[in-house]
Structures are given as C-alpha cells and as structure tokens.
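Enquirer: Given next are the chains, with one letter for each unit.
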Amino acid sequence: MRPVAIVGAGMIPFGRRDDDNLMDLLAYASLNALDDAGLGDKGVDSVYVANMGAGMLNHQMSVASALVDRLSLMPAAAEAIENGPASGASAIKNGLLAVASGYYDVVLVVGGEKMRDVSGWRATDFVASMTHPTAEYIYGITLPGMAGMFTRLYMEKYGVTREHLVQVAIKNQEMGALNPYAHVESRITHEGIVDSWHSRVNNPPVADPLHLYDVCPVSDGAAAVILAPLDMAKKFKKTPVVIAGFGQATDTHSLQERQDPTDLKAVTLASQQALAMAKLTPSDISVAELHDAFTILEIAESEHVGFFPKGQGAQAVIDGKTKLGGQIPINVSGGLKARGHPVGATGVAQVVDLVWQLRHELPEGRQVKNAQTGLSVNFGGFGNNVVSFVLRRGE
Amino acid sequence: MPFDMELESKLRPPELPMVPYPPKLVTLANGRHMVVREITRDEVPRVLEAVRPITTYERDYYDIVASRVYAELLAWYRWRIVNEFCLIAQIDGMLVGLVNSRMLNAKTGMSLHTLTTDRGLRIGSHMFAAKMEHHIEYLNQEEVLIVAESPIGFRRWMIEYGLEPTDIPHELGGAPSYRLSKELYYATKDRLVVGDRPVPPDILAQALDEIIVVDEKTVAEKICGVKGR
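Protein chains in written order, with my numbering: chain A, 91 to 485; chain B, 2 to 230.
Just chain A, same shape as in the assembly (with noise of 0.2 Å):
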C-alpha cells in the first residue's frame, strides 16, 4: 500500500439551507475542496459520496452518478457509501484503499446529508432506523433514548453526573460560537441551563437524563476531501495532511446483547488499529474530533480512544484537559454538538476540521498550537460500526 495523502480539504456551513437540494450541498462542498486542491474538473478518478438517507429524506437516489454529472467530473467513477452515521468515514477509507492500492490516484470524497426536508419526527425516526428491527425499533426506541439510557449506565458505572454532560455541551457550543461553519452559533451558560429555574424551560429533558442542551441539532450540511498517493501530494498547493492509519471495527447491532453495553469495544478497537498503523499512541495525538452526538459520547469516547482511563474522561473534562490549550483538545470545531451532525457528512466533517487543524490554517482561539496528530472517531448506529482515522501533518 503507497502512503495516502488529503490534498483538498472543503466545506460548507452546516445548519437549515433552506434554499439549497441535496446536489447543491454535496456541490458546494466538492468544489470547495477541488478549489483548495487547485484542481478544477479534470484529474479526478474516482468519487466516493456518504449519504445515509437521501432516498428517505429526498426521495433521490444514485446520488454519485448525479453529483459526477452535477460537477461535470465524468467519466470519474462514481459510487455512494452508506454506513449509518459513519457513512463519511466509511467513504474516506474506501477512497483511500483505492488509492493505496495504486489503482486510482485522484479521489473525490464527499459526505452530505440534508435532514431539515422533513420535520423533526421524521427525521428523529429516519435515524431510528438503524436499529434493530425487531429488538429495538418496533419497541419505538430512539438514538437519543439508546443515549438516555447508556447515559444512566454509565452514571451508575463510573459516577458520571449531570454535571460533567453540562461541561462538555458548555464547551462545545463555546467552540462552535467561533467556527463559522457550525450550526449552532449560539453560547450557553451554566446559569442558563442548569442553575436558573427557568433552565426547566431552556434545557428541558430530552430522554432522561439527557437534556436539550446534550443532545446534536438535526442539520443540513456536506464537507469533502480530496485524496492523492503522498508522492503526488507536492503537485497541490496547499501542506499534504498523511492519513497515517486508519481503523473500522463492528458491534452488536442491538445494543442489549452486548456483555457491558457501556464498553463501546468498536471504539477502542478501531481506534487502536489507527493508531498502530500510524505507529503513535494516544498522547502522541495533538488535536481529536470524538463523535459527540450526545455529550455523553465524547466522555465515554475519550476513554475508549485512551486518552484517559475509563471512568476518568469525565473529570479530564471538568479539569480542563479537553479544552483548547488542554492536554488533549477535543472538538474544537464545536463537534456534532455546535457544528451539526447531518449524519453523511459527519465522519467527512470531523477530517476535514483536522485539516485544518493540521495546516495551523485556523485563528487564534481555534488553532491548537503546532498540532501535529490528530484522530477521528466517527460512530455509526450506536457503536455497532466505528471508523477512526489518524492524521499526520505532511512536510
């Protein structure tokens, strides 16, 4: 396998685009990325798209054949990946086994998904349906009352509290306020989620003991990567960032027959192929994107990664270490909690954020200090699919 290297890094701001389709969002986003690349419509081999719901929520198919038409990339092939919410890692590593490989060396990944066509039922619902069918979905489970009650386990377990879960959406809606392509703009306050009496009203329960404030904006978004073989990589314009591992690990689909349903075991072992094909370990890693779509899940997340032993990523977060700064900044983008989680997009999202990070091309209260390393985790279903990537800031 020839080392793999992103050369184009693009994306557009998530939230409610009302005005724009679905081809639009993963338009916009692609070009975005082969303009960063400085590549225009040629040169392209190979297009990967991660969407999960667009013949759901938009009644579209075959949406790669569309976009390659859309971007005037053909004969590019063209194909979609759907793997839940890890559709946008799951393209990238596709995108990059194909390259790897030697069979192609241009390759377009793009991750989108617009969720606000349908009301919030639907698709709260659409998302549902990733759970077992005759286990879980017919009992009407939701991903925020799977979160609810993991969240109670691990309470129970490792005496998390309401409290830490407050820390973590505080810090990420503090984050998403300076990252202009987050949805939620918005800052949040320990006075006005918690201490106030009238936070019953503002930060009013969700599945308990989840809260409004714990739990991912429904958004439209889309965010795209551009791969070549690293000794390419000088041909484009902008500093290579070296996919330096990657890993995917699986679980049980329904969360009941998992042993400990509070180990999220695709989590660490997907994290741990990454980092050992990268040779690094945990406190190599200088900036991570954890899969926040409940605030729980970057504690627990934090954890399974390695970053701090398990039952100790919740008081790292009341201690700081989390933050920009900290020992260990995760999701300074604002992650899926202020960015958005439209859910194609994400795992693409949390890459190219580390791009960023990586080519030091963020402002100040953003950038984390000579990042180096940087990790992903993108959790599909409710850890039953996991896809980590470790990136390397090129030369």
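Keep in mind the hints are simulated off the structure, nothing from the lab.
Mixed in with the good hints, there may be bad ones.
[As the list claims (entries may be wrong)] Restraint ranges, calculated between C-beta atoms of paired labels, are given here: (1) B:T56 x A:E485: 42 to 48 Å; (2) A:M91 x B:D216: 54 to 60 Å; (3) A:Y229 x B:K218: 45 to 51 Å; (4) A:P270 x B:P152: 37 to 43 Å.
Where a beta carbon is used, it is the ideal one built from N, C-alpha and C, also for glycine.
Given the coordinates of chain A, assemble chain B onto it according to the supplied hints.
Expert: Below, chain B without anything else, positioned relative to chain A:
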C-alpha cells in the same frame, strides 16, 4: 384624522376590564436576561415597525403570522378589536419576540399569535407561557382557545402542553380550537412557566425607555438564514 365621535362610538364596542400583566424577568440559555412586559396601546406603532418587514418572510409561516399580528395590533391601536393585549420580550431593550391575545368574554381567552425574531433560545416557549399565565392567573379566565399556524407552533403548544382538541371554531378561521383549561395550565405550569418578579428597576426602566428594533438585515438572517432554526 377627524372623525365623527358619535358614529365612532358605535364602532368601538365596550371593553371588558383587564388587569395589567406584571412584568417578569426570564434568564435564557445563553445567560442573557429577557424582560417580558405588556405594552400600552401607544407603543403599538413602534412594534409594528418591527413586524412589518417580517410579513414577507415565507420560512416557517412567518409571513402569515406576521401579517396577522400586524393587522391585529393595528386593529387594537385603531380601536377595531376589543380586549386585546400584547406582551413583548426585550433583551437590553431590544425587541426579540411578542405574543398577542384577547378576551373573548370573561371566562374564555382567544389566543392569537406568537412571533419571535431571535431563534433557538426558546423565546417563543417563554412568551406563549406568559400569554397563558396572563389569561389564567391575572385575567382569571377558565380556558384559552388556541390554534397553531405553523408546525413549530403545533409542537410547542399542542404537544408540549398536551392541549385538548375541541370542535370549537377559532377566530383565526383555520383548524378547530385546542383548549388550555385552568386545570391543564396549573398541571403544566411547573414545567413550562417561569420568570422572576419584580423586575429590577434599572432593567425595567431600560425596557420601558425604548423598544429597540433590530435592523431588517439582521432579523432576516436570524429568521431565514442557515443558522435560523
């Protein structure tokens, strides 16, 4: 404009006595403090300035709601609708939302509209709650009849309060009314109605001093932009 007061008196039906709504202070999720207070008839023209541009925003039925609010407040200002009241929300004097409603008779309230210009902070929820609070607790009414004209309104009012569907026509002319009874109000109050009284004098004075209207571009971005939730 000059008018014949004898004729005018026939066009102005007698009004029911209405006790004023005592202002309150609400802390939002972002930590900012929002004054909720009742406006006087004399303050209506200033509020209309804020509402006028919103009548053209299609997103989330803002055009319909703003157009109706405009007409309802203008009608109140010009004495063509009776027993109406309007509560506004201000942050540092800036208008961020309003509700209007009226007493159909001594026992029944007729909820009209809820309109917010700053989104994502549950200002609409706070304002709707204040409107219900006024009807039930201060105007001492038995019930309020309510309809929603947007899906957001339906989620906020019908679902969050568990309002009772009825077959009673609503003045707005759309779907049949839903009802908030006094019992239902008190059953949900603890969860949905908040605010501190009295409002500190300096904060109240600032709110009373001027209703600051946000510039049109900012409001359009807040309501219709990518971040507009």
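Enquirer: All the hints need checking, so say for each whether the structure fits it.
Expert: Here is what the structure says about each hint:
1. B:T56 x A:E485: 42 to 48 Å: violated, 58 Å
2. A:M91 x B:D216: 54 to 60 Å: For A:M91 and B:D216 the Cβ distance comes to about 56 Å; the hint holds.
3. A:Y229 x B:K218: 45 to 51 Å: holds, 48 Å
4. A:P270 x B:P152: 37 to 43 Å: Since the Cβ atoms of A:P270 and B:P152 sit about 28 Å apart, the hinted range of 37 to 43 Å is violated.
In terms of the numbered hints stated before, the structure departs from hints 1, 4, listed from lowest to highest.
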